[in-house]
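Using the sequences and the accompanying hints, generate a full structural model.
Protein chains: 2
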Amino acid sequence: MGYLALTGGIGGAKLALGLANRLGPDEITFVVNTGDDFEHLGLYICPDVDTLTYTLAKQSNTKTGWGRQNETWQFMAALEDLGGETWFRLGDRDLGLHVTRTQMLNAGSSLTEATAHIAARFGIRHRILPMSDDPVRTIVHTPDGPLPFQHYFVRDRCVPTVTGFEFQGIDDAKPNPDILERLGECDGIIICPSNPFVSIDPILNLPGFRDALKNCQAPVVAISPIVGGRAIKGPTAKMMTELDIASTASQVAEHYGDLLDGFLLDEQDAALDGTLNVATTVAQSVMLTLQDRVDLADATLQFINTL
Amino acid sequence: MGYLALTGGIGGAKLALGLANRLGPDEITFVVNTGDDFEHLGLYICPDVDTLTYTLAKQSNTKTGWGRQNETWQFMAALEDLGGETWFRLGDRDLGLHVTRTQMLNAGSSLTEATAHIAARFGIRHRILPMSDDPVRTIVHTPDGPLPFQHYFVRDRCVPTVTGFEFQGIDDAKPNPDILERLGECDGIIICPSNPFVSIDPILNLPGFRDALKNCQAPVVAISPIVGGRAIKGPTAKMMTELDIASTASQVAEHYGDLLDGFLLDEQDAALDGTLNVATTVAQSVMLTLQDRVDLADATLQFINTL
Numbered sequence: 001m002g003y004l005a006l007t008g009g010i011g012g013a014k015l016a017l018g019l020a021n022r023l024g025p026d027e028i029t030f031v032v033n034t035g036d037d038f039e040h041l042g043l044y045i046c047p048d049v050d051t052l053t054y055t056l057a058k059q060s061n062t063k064t065g066w067g068r069q070n071e072t073w074q075f076m077a078a079l080e081d082l083g084g085e086t087w088f089r090l091g092d093r094d095l096g097l098h099v100t101r102t103q104m105l106n107a108g109s110s111l112t113e114a115t116a117h118i119a120a121r122f123g124i125r126h127r128i129l130p131m132s133d134d135p136v137r138t139i140v141h142t143p144d145g146p147l148p149f150q151h152y153f154v155r156d157r158c159v160p161t162v163t164g165f166e167f168q169g170i171d172d173a174k175p176n177p178d179i180l181e182r183l184g185e186c187d188g189i190i191i192c193p194s195n196p197f198v199s200i201d202p203i204l205n206l207p208g209f210r211d212a213l214k215n216c217q218a219p220v221v222a223i224s225p226i227v228g229g230r231a232i233k234g235p236t237a238k239m240m241t242e243l244d245i246a247s248t249a250s251q252v253a254e255h256y257g258d259l260l261d262g263f264l265l266d267e268q269d270a271a272l273d274g275t276l277n278v279a280t281t282v283a284q285s286v287m288l289t290l291q292d293r294v295d296l297a298d299a300t301l302q303f304i305n306t307l
Numbered sequence: 001m002g003y004l005a006l007t008g009g010i011g012g013a014k015l016a017l018g019l020a021n022r023l024g025p026d027e028i029t030f031v032v033n034t035g036d037d038f039e040h041l042g043l044y045i046c047p048d049v050d051t052l053t054y055t056l057a058k059q060s061n062t063k064t065g066w067g068r069q070n071e072t073w074q075f076m077a078a079l080e081d082l083g084g085e086t087w088f089r090l091g092d093r094d095l096g097l098h099v100t101r102t103q104m105l106n107a108g109s110s111l112t113e114a115t116a117h118i119a120a121r122f123g124i125r126h127r128i129l130p131m132s133d134d135p136v137r138t139i140v141h142t143p144d145g146p147l148p149f150q151h152y153f154v155r156d157r158c159v160p161t162v163t164g165f166e167f168q169g170i171d172d173a174k175p176n177p178d179i180l181e182r183l184g185e186c187d188g189i190i191i192c193p194s195n196p197f198v199s200i201d202p203i204l205n206l207p208g209f210r211d212a213l214k215n216c217q218a219p220v221v222a223i224s225p226i227v228g229g230r231a232i233k234g235p236t237a238k239m240m241t242e243l244d245i246a247s248t249a250s251q252v253a254e255h256y257g258d259l260l261d262g263f264l265l266d267e268q269d270a271a272l273d274g275t276l277n278v279a280t281t282v283a284q285s286v287m288l289t290l291q292d293r294v295d296l297a298d299a300t301l302q303f304i305n306t307l
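Protein chains in written order, with my numbering: chain S, 1 to 307; chain A, 1 to 307.
Heads up, a few of these hints could be off.
The list makes no distinction among identical chains, and a pair is therefore deemed to hold if it is satisfied within one copy or across any two copies.
What the hints assert, rightly or not - Mimicking EDC-like on lysine to aspartate or glutamate, the simulated pairs with C-alpha atoms at most 20 Å apart in a straight line are:
(1) K58 / E71
(2) K63 / D273
(3) K58 / D292
(4) K214 / E185
(5) K58 / E80
(6) K214 / E254
(7) K214 / E85
(8) K58 / D81
(9) K174 / E71
(10) K238 / D261
(11) K174 / E85
(12) K214 / D295
(13) K63 / E267
(14) K63 / D298
(15) K58 / E242
Bear in mind the hints are in silico, worked out from the structure with no lab data behind them.
So, in structure tokens, the structure goes:
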């Protein structure tokens, strides 16, 4: 009954695009972190869901690395003139999505329904499932106090030192029921090369989710977001260093622990192959081209079939 | 202590600009209809307040006749792709204003405060006072049932036949306290050439407002929005015909009744001068150029001084 892929932002969305190129809508479902969602300027913004939506719709902005392609910024300029908050850049076209989702949520739709509506309008046939319809908010702890995730990530550009994380609301958040249902009958779970702490942990820490994964018959594999001791994108390595964890692929595998049945290492980390407490494989995991994305999807699926 | 001008949309804003060119911020205050405000796409939209704001800021869109100058429409295009409501055209730059106001109202500011903040950021020194901080919603009655004002005016392009009007919420709406205070000490009240039924009546029908105007020592003058039997802009004449009222300047004066101390007729209606139950004067009131606006402001102020 296909695969489930757990994903966060840009790195995860790259592999998701490769998987979507290889597997049909019935063969893979994407489970997306919503811990970095936030309400801003009266809008309900879901950065990871939107990154995946724009990526699968081939509408992502390859110049900025985030947001929507062919974007314009007149709204931001007007907001700035009016003294508004402009640290989170919302493009004019991107706004159409946020306004649509906010309106649907205010009218009583669930986040899953709003996400499905938007994806369908973008011509996406694969299912994109927010990890939960209940609000979970990642808080980054720093020596100067707690920061909502987007304040840490975008406004403060990941400069503050991280001392820990908190997922507000998670104890009361129900995992998306569609996910649990699919877990019961799937052929494999893929943890995309996203940030383990702020992209994947919010999903894993949903009540009952980790147990459901452990009880699941299908193999769970993760692709290391750390390659050669560095994060390909984002603050993963910086966070690990600040948390006194060596920023290595081994430590990522360690972090996921006995949840994993397999771990995919980049060629740069081939020396680690066979040295971990979990089955490993080695592949080229730095995804620059569409072919890289498809090749990594193939390597991941082949690996799962050996487990 | 100066003048008060009651105004609605485009026609009123034209005279307001002329008045603002002649009188300083301490000499004239603008009182604006909010009966056509509405919540749309999760935004709090005040078409008449915004028309005046953009006009006084010299940011109004002279090509469309509404909205903001140098506008772009990427948001609308994105919204349309997502199946959203696009009958009310919100430009990318215009959106900056609506988001700012909505955010301020949601954070607890009054409409008067939000309006003042926005006007100040646009460099407007004159006071723009929403008629009330409480919601009043103009409903247009038609043979097919009631229509919220913007649905009648924009979506349905004033096509439905009007059988009457209703100002929802008006019994519970307090007139803006700043207005009542200024009424007590002003030199004259100017009813701009706006639609009497849907722009000026909501202001006049606020609890206590009509009595306050009658008790006010200063003269009240109106400028006819009907010229030569036709409305210069908008559905005033069409509404009068549908309500079985002759679409003449005389009937506009009749509509305001004993509230008026003076009525300004256009040169095209010079034949009516001296035939009404109120003091009249005649001036060129069709405002095509900025000089027309200033000249009509001068004529209005001169007229008030004779009363």
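Okay, the hints, checked on the actual structure:
Taking the closest pair of Cα atoms, K58 and E71 come within 20 Å of each other only inside a single copy of the chain (14 Å); across copies the shortest separation is 27 Å, beyond that limit. In this homomeric assembly, K63 and D273 never come within 20 Å of each other (Cα to Cα): the closest approach is 35 Å inside a single copy and 67 Å across copies. Proximity of K58 and D292 under a CA criterion of 20 Å is satisfied intra-copy only: 16 Å inside one chain copy versus 53 Å between copies. With identical chains, the CA atoms of K214 and E185 are at most 20 Å apart within one copy only, with a shortest distance of 13 Å there and 77 Å across copies.
Taking CA atoms no more than 20 Å apart as the test, K58 paired with E80 passes between copies only; the shortest distance there is 18 Å, against 30 Å inside one copy. Proximity of K214 and E254 under a CA criterion of 20 Å is satisfied intra-copy only: 16 Å inside one chain copy versus 81 Å between copies. In this assembly of identical chains, K214 and E85 lie within 20 Å of each other by CA distance neither inside one copy nor across copies; the values are 43 Å within and 45 Å between. With identical chains, the CA atoms of K58 and D81 are at most 20 Å apart between copies only, with a shortest distance of 15 Å across copies and 32 Å within one.
Neither within a single protomer nor between protomers do K174 and E71 lie at most 20 Å apart by alpha-carbon distance, with minima of 35 Å and 44 Å respectively. Taking identical chains as interchangeable, the C-alpha atoms of K238 and D261 are never at most 20 Å apart, the minima being 27 Å within one chain and 75 Å between chains. Taking identical chains as interchangeable, the C-alpha atoms of K174 and E85 are never at most 20 Å apart, the minima being 32 Å within one chain and 32 Å between chains. In this assembly of identical chains, K214 and D295 lie within 20 Å of each other by CA distance neither inside one copy nor across copies; the values are 28 Å within and 81 Å between.
In this assembly of identical chains, the alpha carbons of K63 and E267 never lie at most 20 Å apart, being 27 Å within a copy and 60 Å across copies at closest. Neither within a single protomer nor between protomers do K63 and D298 lie at most 20 Å apart by alpha-carbon distance, with minima of 27 Å and 55 Å respectively. Taking identical chains as interchangeable, the C-alpha atoms of K58 and E242 are never at most 20 Å apart, the minima being 35 Å within one chain and 53 Å between chains.
In this structure, the hints that do not hold are numbers 2, 7, 9, 10, 11, 12, 13, 14 and 15, in rising order.
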